Amino acid sequence: MKTSASRSPLHAADELMELVVDAAHSRNLPAFLERFAQRATRMLDARWGGVMVFRGRETDLYQAQADADASDLQAAQQAKLIRLGRETRADAETLAVSFDPPLVSGGAEHKDGQFADVTFVPITASDEESLGCLCLIRRKGTPSPGEKHLLHALASHAALSLENFRRFSQLERSKRQWVEDIDAISDYIVVHDRSFRIVRTNRSLASHLGVPPAALVGDPMSSLRQIAETRSEIPCPFCRDTQQAREEYIVASPERIFLVSTSRTPGVSDDDTRTIHVLKDMTDRREAERRYRELFDSIQEGLFFATPEGRFLDVNDAMVRMLGYESREELLRADVSTHLYPIAAERERFFTALARRGVLRNYEETLRRKDGTLLHTLQNITAVRDASGKIIQIRGLMLDVTEQRTFQSQLQRERDFNQKILNTTQSMILVLDTAGLISYANRRAFESGYREDELIGHRLVDWVEAAQREDFEAALETTAHGQQVENLELRVRRSDASMGHFSISLSPMRDEQGAVNSVVVVMTDITDAVLLQAKLAHSEKMATIGRLVSGVAHEVNNPLAAILGFTDLLLENPAIPDNAREDLQIILHETQRTKDIVQDLLSFARQRPVQRELVHVNAVLRQTIKLRSYDFASHGVEVLEEFDEHLAHALGDSQQLQQVFLNILNNAYDAVQEVGQRGRIAIRTSRQGSNIEIAITDNGTGVTDTERIFDPFYTTKQGNKGTGLGLSICYGIVRAHGGEILCRNNENGPGSTFIVRVPVATEAATAAAIAKEAGR
Amino acid sequence: MSTSPILLIEDEPSVTAFLRAALERRGYAVEDASSGAEGLEKLGDREYSGVISDIRMPGSVNGAEVHAWIQLNRPELCTRIILISGDTANSDTQQLLKQSGTPCIEKPFRVQQLLTVVEKTFGKP
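Protein sequences appear in the order of chains R and S. Each residue of the first sequence is one higher than the one before, counting from 1 in this note's numbering. Each residue of the second sequence is one higher than the one before, counting from 777 in this note's numbering.
Calculated from the structure, these hints are not laboratory results. These numbers come from a predicted model, not from an experiment. Errors might be hidden in some of the hints.
As the list claims (entries may be wrong) - Interface residues of chain S toward chain R, partial, derived using beta-carbon atoms under 7 Å:
(1) GLY862
(2) ASP863
(3) ARG886
Glycine included, each C-beta is placed from N, C-alpha and C at the ideal position.
Using the sequences and the hints given, assemble the complete structure.
Listed below in C-alpha cells is the structure:
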C-alpha cells in the first residue's frame, strides 16, 4: 500500500507551492484556513482535517470540506479534539482517541469504530507563541518520517500565514481607529498637498460643509474659503508662510473665530509636502474671554494681577481709577510698588502675611495714589504658587474704603470731641428717661460730689427745691412733647445738701422713629454768677445813690450855712424875746441835726482815703465790743467771741473798720432788744482765701430786705435812733477797703448775720507797713 | 490897723448876707464879689486886708484858682486867705489845704467858728 505522501511527493511539492501563493493572496482568513485544512487532508490522505486557531481561551476550528468517505465532526467530537489540540506540545504527536459517538465510517482497526488515530501538529509563531494546531484523523497508524516532515512544513506555513493575517488585521484596525479618532475630533482638520489639493478632511469639517469626508478629497483648498475668508495670496485660506514647519494664528470670519494650528510634514514622496491645518473654533472661548474682560473692566472693585515683586501684570479700569492713573498702560508701565507704599515696611508686612497664609481676607492697607494722596483699601488677595511652593503671582481684589475710613475717623473724632465736651464741661449733663429717672451722668456730675447710686435710677426732680418741683415737672413734660426748654433757673440741692442756683436746659432725644425716648439735661451751677450779678447791681446802685447824695449834700450845705448863721446872729441879738429865743434854739438844734445828716451822707458818698496800715481785726473787734460792753451787760445781751487766734493781718484803716463794726454791733443790739428773749450776738473771725471774714450773728428780729439794708435812709428803726445812713457808710468804708459787706437772714433760727470781708495784707504790703512803722 | 476891707467871694447871696452881717457886726469892713472872676477883678483894683472865698463856685474861676492867683499876683495876701468849703472830704480840696496850710471853714458853721478863724488870720478889726 502506498501512502499519499509516498504516493506522490511531487504532488506534495506542488501543493505546498500553491499553498504559498494562496497564502500571499488570501485576504479572507477563514476561507484560507479551510482550504489549508483541505489541502493538508488531501496531502496526507487523512480521513478528516482541521486547523485550530487559539484566540486567548477561545479556539476557532476550521475544517476541511467533507469528501465522500469523510463527514463533518459532531460538536462533541470537535470539542474533544480541541481539548487535546490545546494540550498538545510535542511535534506531530499521534494519539489513539476514542470518540463518543464513534466516527461513523472507517476505524476498522479499532473495534466498534470507537477509536481513531489523530495526529496533532502545533502551529507556533516565530516568538514561540502557540497560535493553534493542525489536526488530522488518520486512516492508519502513525505518520511516517516523510509525512512528519511534510506536517512540519505545513505547520510552518500555517504559522506564517496566521502571523501575517494577524499583523494585517492589526494594521487595518489601527488605520480604521485613526480615522475614527480624527473624525471624533471636533476641531476641523484638513490635510492638503503641495498643490493645495485636499488629501483628507475629518468628519467635523465635512459635516460643517454638509458633505461626506471623502467627497472633498482632491478639491482645491480654495473651496474651503467659505469657512474663513482670508486675504491671503496663497490658494489655501489657512496657509500664511508655507516655508514654516509650524504656524499658529487666529483666523476670523464674520461668525466664527478659529485658532489655526498648522504643521507641514514631508509626504509619501520626497517632493511632496503634507500640510495639516487644525482649526480650533475659538468663538465661544473668545466670547467667554470678552465677557470676562468686560466684567473685569466694568466691575467697581479694583482687580489686579501682580508679580511677587509688586509689578502689575494686569489691572482693570477701576483699579486704574482708584490709584489715579491716566490709563491701564501707564499703571502697568510704571514700577509703582515703591510709590504705592507710603511706608516701605508695610509692603514687607503684607508679603510676609501673604506668604504665610496664602490668602488674605479683608486686608486693610493704605496706599498712595499717583498724586500722593492716600487711599484706604480693603483687599482680598490670593497667592499663586508654583510646584515648589514659591509665590509666582499675586491676584487680588481691592475696595476703596477711603470715604468710609474718612467717615469713620470723622465719626471717631466727633465721638472723641463729644466725649471730651461731656467730660470737661463745667455743666452737669444728665440723661433722663421719659419717666424722669436718671440713666446717665457725665464726669462733672460725679466731680460735683454726687455718688452714682444717688443719681442713676433716681428722679432728678427730687433734687429740685420743693417749691419749684412743679416748674421742673412742667418743663420735663414740655420736653417729652419734643420741645426744648432753655435756661430754666431753679434751686437744686447740691451733693453737700446746700442749695445752689442752677440754669437748666432740657432737650428731647429721639429714637429712629422720631419718638422722644429720653431727655438730655444740662445743669449749670450759676450760684456764683447770680451772686456776682446781684453784687454788681447793688454796687452800681450804691454808686448812683452816692453821686446823687453828694450833689444834694452840697446844695443843702449853702442854705444850711445861712440858716445856721442867721440863727446864731438872731440869738446874739439882745432884743429877741425869750420865747422867740427858745424857738430859735429849736431851729438851731434841727439845723445841727440836718448838718449831721449831710455830713453822714457825704462820708458815705465820698470815701475818706483809707489809711494803709496793718490791722489786727480781732483786736479792733475786742475794742469795739468794749465800747458797748456796759449796754450789753446791763441789757442781758450775751456776746460770743469765736475768733481765729491765728488770723492774719488785714491792710486798712482800723478807725474806719471800728466804725463799721460798731455800726453792725449797734444794729445787732437794737435787733435783739426788739425781741423779748435773751439776746445773743456771736462774732466769728476766720480766713477765707485771700480775705478775712468777720461774721456777726444775732438772734434778733432779722432783716426785712437784706438787699436794701445798705441803701441810704433805709431803716426800720423807730424814732431818732440814727440818720439811716450808718450801714450805708459801713458799705462805703468796706468797699473803699476793697472788701465787701453783706447781710443775710439766718437759715436755721431767727436773726440775721452780717458778713464783712476785707483783704488779707499781702507779704509785700506787710513788709512795707512794718518798715513804715519802724521809721516813724 | 488896716482900713482896707475884707474881700468876700461867694456865689450864694444868703451866705454872703450872713457873712457880711456877722463880720460887720464885729467891725470889719466888707466888700463882696459874687463870682471868682469878679473877685479877681476887684483884687486888681484896690487893696484888701484879707480874702474870704468859697471853694466851689460856678463860672470860670473857683476858690482854688483865686488862691493860686493871689499866690502869684498878691503875695502879701498869701497868709491872709480863708477858704470856705461845703465838702472838705473832697480830695482836691484836701490837697490844696494840706499844701498851702490855708485855713478853711466847713459849711455850715456857727458864727463863733467863723470869728475865731477870721480874728486868728486877719487880726481884730
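Tested hints:
no.: 1; hint: GLY862; result: 4 Å, holds
no.: 2; hint: ASP863; result: 6 Å, holds
no.: 3; hint: ARG886; result: 6 Å, holds
Consistency with the previously given hints is maintained throughout, with no hint failing.
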